[in-house]
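Asks: These are the residues of each chain, in order.
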Amino acid sequence: MNLVLAVILFLLMLYIDRKRGLKLFVSLAMNFVVLIVIFYLTALGFNAVVCSLIGCFTVSCVMLFFVNGESIKTVSSIKAITVVLLILSVLIFSMAYVSRIAGFGYESYEEINMFSYDVKIDFTDIAISMILFSLIGATVDSSIAISSALYEVHENNKDLSRKELFISGMNIGKDILCTTANTLMFAFLGDFMTLLIWFYKCEYTFGEIVNAKTFASELIRILFSATGCIIVIPVTAFLTARALKKEKAEDGPDGVTNTET
Amino acid sequence: MKKAVLIVLLLLSAAALVFVYNDDFLYSQQIMKLTKIETVGEEISRNNLDLKEEHYTRRITGEILNGKDKGEKKSFLYDETYSSVVTDRFRVGDKVFIDGTDLQLKRDFYLALIVCLFVILIYIVGSFKGLLSVASVIINSVVFYIGLYLYIKGVDLLLLCVVEMLVFSVLSLILASGVNKKTLSAVISVMISTFVMLALLMIIVKTTDYKGINFNELSFLTVPAEDIILPELLIGSVGAVMDVAITISSSMAELLEKNRDISEKELNKSAKEIGKDIMGTMSNVLFFTYLCAGLPVFVLAIRNGFLLKNYISSNFSLELSRFLAGSIGIVITIPISAFVSIRLMKRGGSK
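Heads up: the protein sequence lines correspond to chains Y and F, in order. Be aware that the first sequence starts at 4, since it is given in the working numbering, and climbs by one per residue. Be aware that the second sequence starts at 2, since it is given in the working numbering, and climbs by one per residue.
Careful: at least some of the hints might be erroneous.
[Said to hold, decoys possible] List time: in silico PhoX-like cross-link candidates among lysine-lysine, alpha-carbon distance up to 20 Å:
hint, chain 1, residue 1, chain 2, residue 2
1, Y, LYS22, F, LYS277
2, Y, LYS123, F, LYS53
3, F, LYS273, Y, LYS22
4, Y, LYS26, F, LYS277
If you're looking for bench data, these hints aren't it; they were derived computationally from the structure.
Next up, chain Y with everything else stripped away, as it sits in the complex (with noise of 0.2 Å):
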């Protein structure tokens, strides 16, 4: 089922564009492909923090340089990205570690029962590295759109200074906040829903529900990831605008060496 969905998706890629379509499914190939490496790798007994660090830095190496070329837009994007990520980790780690969402809730016990539970690997790591995972799609989203945006305003209006620059991107990012929120929101409530009848199956308080691991891994899933692309806004809107101006400043009045192809 999952090949014929796949040959569909393919197609139906390639109808809206030939060049983009054919190089966006390749980037998911080559992002499934990093994913399953950083996974197995994480599985040997590699730090999982590290490695899923690393896997974020790649893939999102892959969706700006592979899909968008490479141009004073993705590299402002991957600096602010980089600086989200180190910002965030820190954050995922500290709740992480208080919240103990690390292993599995009684709701999934059925789903593992036949493995061994003796696997000598902190599962705190697999959650935290779970969250970087997961937030790296909507932040890279959301920082490609503000570059991208903010490269349209400069180009349209090359007087606006660096501030001027900053602040429409903040108001481009308001834009794309609610509608990001949305996705990703919906992504979770589809994961949710097996979960959520259960809770209701089994009779569970509004207590039982909150306190529940499975529930807290999921939520502060979602609110990382929604943080996430609310972080890369300011960040993103910042170092693009820096660089717009620098480019400006140091090849003359007519600005930006553009490099994308």
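Here the structure of chain Y is known, so what remains is to put chain F in place on it, guided by the hints.
Replies: Chain F alone, transformed into the frame defined by chain Y:
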């Protein structure tokens, strides 16, 4: 103005946090605050891959915080493992629920903490629009919950999901962009895309009969997994579909406003142009959101000696199909919403 609201938000969050921190009286289960943890036993076990795992037995002592035994001291023996796959690592000062001999960490304070942090951040960056999107998320969750209630009462889940999707799209699109032609065209596009997607998925499901999909992950369900997969796929993609629909119809409206005489062909072309940009980023959002959910089980399986090849083909299948179905929804929505908004605003829209 912005500062005033921010201060109010900060005060409210502080109040909420203080309340949640002291909400023990709300629970009917006994809550114990840990005062002492001693290690009374240590043991090393080996699994079939010869991995050494440390097991600790700890004596946990604490004071009951609520109910009729308030103030009493109790102590329990608790097993802890290095991996914490199914156990928790308690620390002095933690509050835990007592359920027979079973201990569970009280997590509500941490959830409240991150929710407050999130609301404040979204307000700082997104001002009122940000708060509005939080409101829209809350309203949609309520609608979702009502839907679940009806499902438990016996209404067909697929039918419910289709109805709910329409409600979701109307609510969130109106909240995001007000009552106007753009919103109308986005709502219509979401509806059409939903039906097209549903039809497509049903055909695929009928012809392939879920071949290659592993329902292990849903094994805890008390209902057949086949009943729940289609609704899940639909709900999971509706956010992205709405996002695409509103982006396309806003930009179509923008183009028409700037140039009334723009031809339908040109409009179609720019819709494709915009579409190709958003399909990439949106499908990536779904990709990571879904696929990384499989990480913990993956690690567990590999550490139990499963082969990578066998594992990928069986256990990532459900996550993959969620991602693929959602992305198909996104891509389908691009031409549909272009068509609808051109129809609505170009032909019918001569004000």
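Asks: Run every hint past the structure and note whether it holds.
Replies: Okay, the hints, checked on the actual structure:
no. : hint               : result
1   : LYS22/Y / LYS277/F : holds (10 Å)
2   : LYS123/Y / LYS53/F : holds (6 Å)
3   : LYS273/F / LYS22/Y : holds (13 Å)
4   : LYS26/Y / LYS277/F : holds (11 Å)
In summary, this structure violates none of the numbered hints.
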